[in-house]
Amino acid sequence: MKRSALDLANILGFLIVLAIAAFAFYSLFIDEPFYKASSYTDQEHAGEGEESGTYNSNTAITALEIGNVSGRIEVESWSGDTVQLDYIKRGPGRHPDVKIDKEGSELTIKAVYPRTAGNFGSVDFFLKVPADIDNIEAGSVSGGIKIQGLSGTVKQKLSSTSGAVSTDSAGDLDISSVSGSLSFVSSGTNIKASTTSGRIEGELKEASSSTSVKISSVSGRLLLDVPSGLNAEVDLHSVSGSVSSDIPVAVTETRRNSIRGTIGSGGALIEMSTVSGAVKITK
Amino acid sequence: MDEREEKYRIARKRAKAKIDFLRHLVTYLIVIAFLAVVNNITYNGYQWWLWPALGWGIGIVSHFLSVYTFKGSLFEERMIERELEAMDDREIRD
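If you read the sequences in order, they're chains X and E. Each residue of the first sequence is one higher than the last, beginning at 1 in our numbering. Each residue of the second sequence is one higher than the last, beginning at 1 in our numbering.
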C-alpha cells in the first residue's frame with residue numbers, strides 16, 4: 001500500500017504518543033503506584049505556622065537516606081525494626097513537602113520545595129530507627145544532624161553545609177560540613193571527617209591494622225581521642241597551628257607544625273591536617 | 001455523480017480525516033509538553049502531568065485506530081452505497 005508523507009507523519013506521531021502514554025502508565029501504575037503507601041508525599045503548602053506529621057515504614061528497614069534543606073535531622077535508636085518519622089514543619093513561609101519512598105528495605109525521606117519564588121519554611125525530622133540498621137545517609141543544607149544510640153557497626157554518611165553534625169556511635173563514617181562543627185565516635189575501619197571552618201572532635205573506639213582515619217579542616221581545630229594500646233602510623237600537620245600528641249610518637253620525620261611517626265608498633269593509619277587550627281591526639 | 005467525482009469525494013474525506021488526526025496529534029504534543037514544563041518549573045515533586053498524558057493518549061490511540069485500522073470513513077461509505085443500491089432496487093421493483 002502506498003503511504004503519503006501525511007500517513008508517515010501520523011504514524012510517527014502516533015508512535016511518539018504511544019510511548020508517552022506508556023511511560024505515563026508505567027510511572028503511575030507500575031514504577032511508583034499512586035495508590036500504594038510506599039510512596040507518600042505530604043503536600044501541605046498553605047501553613048504559615050507549625051504543622052506536624054508522623055510516618056511509620058511498617059516493614060523492616062536496613063538502609064535510610066534523609067535529605068533536608070532547612071531544618072534539623074535527629075536520629076535515635078529504638079527496639080523496633082521499622083523506621084518511624086515525626087516531622088514538624090515551621091513557618092514563616094510556605095511549608096515544604098515531605099516525600100517518602102520505600103523500596104524493599106530502603107527508605108528515602110526528603111524535604112521537597114516548590115520551585116517557585118517566595119518565602120519557604122523549614123522542616124525538622126525526628127527519626128527512630130533500628131539500632132543495628134546497616135546504613136544511614138543524611139544530608140542537610142542549613143540544619144544540624146544528630147545521630148544517637150546506634151550500634152558501632154552502622155555505616156554512616158553525614159553532611160551539612162552550615163549545621164553541626166554529630167554521631168555518638170558509628171561504624172565506617174564519612175562526615176563533613178562546610179561551616180559547622182563535627183563530633184563523632186566510631187568503631188569503623190574507614191573514617192573520613194572534613195570541614196572548612198568548623199572544629200572536629202572525634203573518638204576512635206577501636207583500631208586495627210586496616211583502620212584508616214583521615215581528618216581535615218581549613219580553619220578548624222582537630223582533636224582525636226584514640227583507644228589505649230593503639231598501634232598506628234600518624235601524620236599530623238597544621239600550617240599555622242600547634243601539633244601535639246598525648247601519646248608518645250616515635251617521630252620519623254618532623255617539620256614545622258608537622259609530626260610524622262609511629263605510635264606503638266604501627267598499623268592503623270591516622271592523618272590529620274588543617275591550615276589554621278591546632279591538631280591534637282588525646283587518650 | 002460519475003465515478004471520478006465519487007472517487008474524489010472519498011479521497012477528500014479520507015484526507016480530511018488524516019489531517020484532523022495530525023492536528024489532534026500536534027495539539028496533544030504541544031499541550032502535554034507545556035503541562036510537563038509547568039509541572040516541573042513550579043514544583044519538582046508529584047508529576048501530575050502524567051494523568052492528562054495518559055488519558056488523552058488513550059483518546060489519541062482510539063482516534064488513530066478509527067482513521068487507519070477500522071477505516072471508519074470507508075465503512076461509512078460502504079454502508080451509504082448499500083443503502084443507495086437498496087433504494088435503487090426498490091424503485092425498480094415499484
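Hints are computed from structural coordinates only; laboratory data are not their basis. Treat each hint with caution, since some may be false.
Facing chain E, from chain X, some residues (calculated, C-beta under 7 angstroms) [stated by the list, open to error]:
1. 6
2. 13
3. 17
4. 24
5. 26
6. 166
7. 223
8. 227
9. 242
Glycine included, each C-beta is placed from N, C-alpha and C at the ideal position.
Hints that the structure is at odds with (numbers, increasing): 5, 6, 7, 8, 9
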